[in-house]
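Enquirer: Listed below are the residues making up each chain.
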Amino acid sequence: MLLKININQTMKKYIQKAVARRDLLKGGATLATGTIAGWLGGTRKAWAASHSDEQSMQPKMQHDHSGMITVGDVDSSFNGFDPSELLTDWDSGVVTTNAQGETIRTFKITAEDREIEIAPGVTFPAWTYNGRVPGPTLRATEGDILRIVFNNHGSHPHSLHFHGIHGASMDGMAGSGLIDPGDEFTYEFKARPFGCHLYHCHAFPLRAHMHKGMYGAFIIDPDPSKHPEHEDVAKSRLRGSPENTNWQELVMVMNGFDTNFDGENEFYAVNTVAHHYMKHPIRIERDRPVRIYLINATEFDPINSFHLHANFFDYYDHGTTLTPTLKTVDTIMQCQAQRGILEFSFKDFETGKYMFHAHQSEFTELGWIANFDVVEGGI
Amino acid sequence: MNNRSLILPLLAPLLLLGLAFGWLLQSNTLNIFDSSAPPAEELTFETVYLDADGIHMKMRAGGSEPMVIAQIQVDSAYWKFTQTPAGPIPRMSSAWVNIPFPWVRDDAIALTVVTNSGTTFEHEIEVATPVRGGLSGSLRAQTLLGAYVGILPVLIGLMFFPLLRRLAGPGMQFVLSITLGMLVFLLIDLIGEAIEAAHESAAAFQGTTMVLIVAGAVFLVLIGIGRRHGTPSGLALATYIALGIGLHNLGEGLAIGAAQATGAAGLGAFLIIGFTLHNVTEGIAIAAPLVRTKPTLLIFAALAILAGAPAIIGIWLGAQAVAPQWTTLAFAVGAGAILQVLFEVAAYIMRQRSDDKGGTDWAIIAGILVGLIVMYVTGLAIKV
Ligand SMILES: [Cu+2]
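Chains D and R, in that order, give the protein sequences.
The first sequence begins at 1 in our numbering and counts up by one.
The second sequence begins at 1001 in our numbering and counts up by one.
In case anyone wonders, no lab produced these hints; they're calculated from the structure.
Be aware that a few hints might be false.
[Unchecked claim] Part of the chain D face toward chain R, derived, beta carbon under 8 Å: (1) G67; (2) G121; (3) V149; (4) N151; (5) T259.
[Unchecked claim] Far from chain D by the CB rule (all over 10 Å, computed), these chain R residues: (6) V1068; (7) K1080; (8) P1170; (9) D1361.
A virtual CB, placed ideally from N, CA and C, is assigned to each residue, including glycine.
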């Protein structure tokens, strides 16, 4: 009688149901081998020898995190984008002024299918905006007139659906900018409300178009003249203003990739490449404040989160206020499409590596973990 | 026919075959079969063991193209690993992977290999137990265990010989039929095991087909050898039964060894007793054809070793975590041997009753059923 299968199956059930039971049986194994050795004239030495061998067989590795990371590094030239550069790669469009003196920003976005490397050695057949995931970070000022010229060079119908205020005809749904491959559409609306927003494709099935990589940051800076009560804060948020230049601003889009089509992500990251900022820490000058535009574009999981080590931040949910919605926190969570602004500083801190990561261990260990490298400098 | 007239009939079909291959490789006509569809991927965890350096696993590639192991998750976390030899693994080749993972004894460990396309292959270590190196120390214990579950029970079974001798014609038919029933049970069991192991081995080995082909081939060869000097009976038949059961016990040993090595099974004392009881019945099966002969004690001992000792070898090999295709092969050989014995015992029984008038022989039917039931019931003890 062969027992392998019987026992394997039985054992699996035992393991699932009762660990204690398993331990009992395992104890029996050693006992049985040892006992028989004894019965048949063997001495206890055989048992003792194998037992002490087992002790020395315990792993000698350190229980640190040095081994817990993906192997290798992603080829940014293959991808055509480098997550380290995405952090500060703002697309402010082509600026013109109309007869009324209003600022018009014109952006060009093209949808295209593209294979990208999302972790070292692992490629993913993505659908992209301008060949990158996340798509370009659009940045405008409250009240600007935005024109986004959208070309679909992909293999499926796509759209741009902006989280912002716009008319029904500009919503990125069927009849309002959801276009077939080869077509072009221009979205036009005013930039409002100010805040940290996003855009994404709204073709159905939404889940597929989201997780294939069709999303990007859409940041509207407040117009200080419209916010006299918090003019200084508004100025610090307005890209290009003297008050803004001291800030170290970073855009981070939390995302994940399901590479084996099982409806669960195999890789998690900020800005697509798992573990990228562990291998290439983000340089932060200690005395200059940090502002992160954080957006959750993760598909399949209801929430994602952000946790900063050794420091606390103020949080502006959606970025639509000039006073924090949460003060002095070190962890926030976001559902899909939720976003916000984090503000903090390492002033007076020790220099060195400061980690940040999702505080869902699963996401952390599957790639969403990163380091700031805080160095002297600033002001 | 002269040599020349042979050339054309031989060359023509070969030439056509060559042309067909050439056309396939040259033209794109058949490319619809490998167009844009992603290549089929297949990776098999052949051997997995744990030691002080972490997790070791031997990965065999199947599929249509060389396999690239891009990343590896241990318990849903990415871990660094090294691969030897490095690089893509060609089809049917294998590579060793080492993950310096600080495993914890008795934990379950889930392994997920992610290929360059993001496809995943999973394996579960049910109970983390160190093996290899640690085995040498327990070699003696393994040998004793093998002798205990293999040789000892067969010897005990053979001790029923004097009792068997006193049986009259129908009684003997009954006992031989019990043997027949037991063999049928063992055959079903072995083929089941073989196919199960076949599923664990790389697809390219075509495990299930291999099982049937090997079992069939072994059956035919053994029949051929066994019947060189006419149909076997007496000691010859007993020897073949012992050989068949021995091969079966080899598989049993493999299973015990593997269960201990992988930590999948706690081989409690009551399981060992179950095995032993089970194997006692095998001794009776070997003794049955000997009743009309006068075997010496030496012959009994030799038969017991032939039938039982393979269990020891099986445990040794099983503990070394042999790759599933070898286990499949061993099981298939065993199945073929059992089939031959089954065939010969059935023939022997039929010869014994050739002088009968015919009609239903209840002794035989009852014997077969008893044999099946005894094996099943003692099997229950093992299942627990
Ligand atoms: Cu789309």
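Enquirer: Output the numbers, in ascending order, of every earlier hint that fails for this structure.
Expert: 3, 4, 6 and 7
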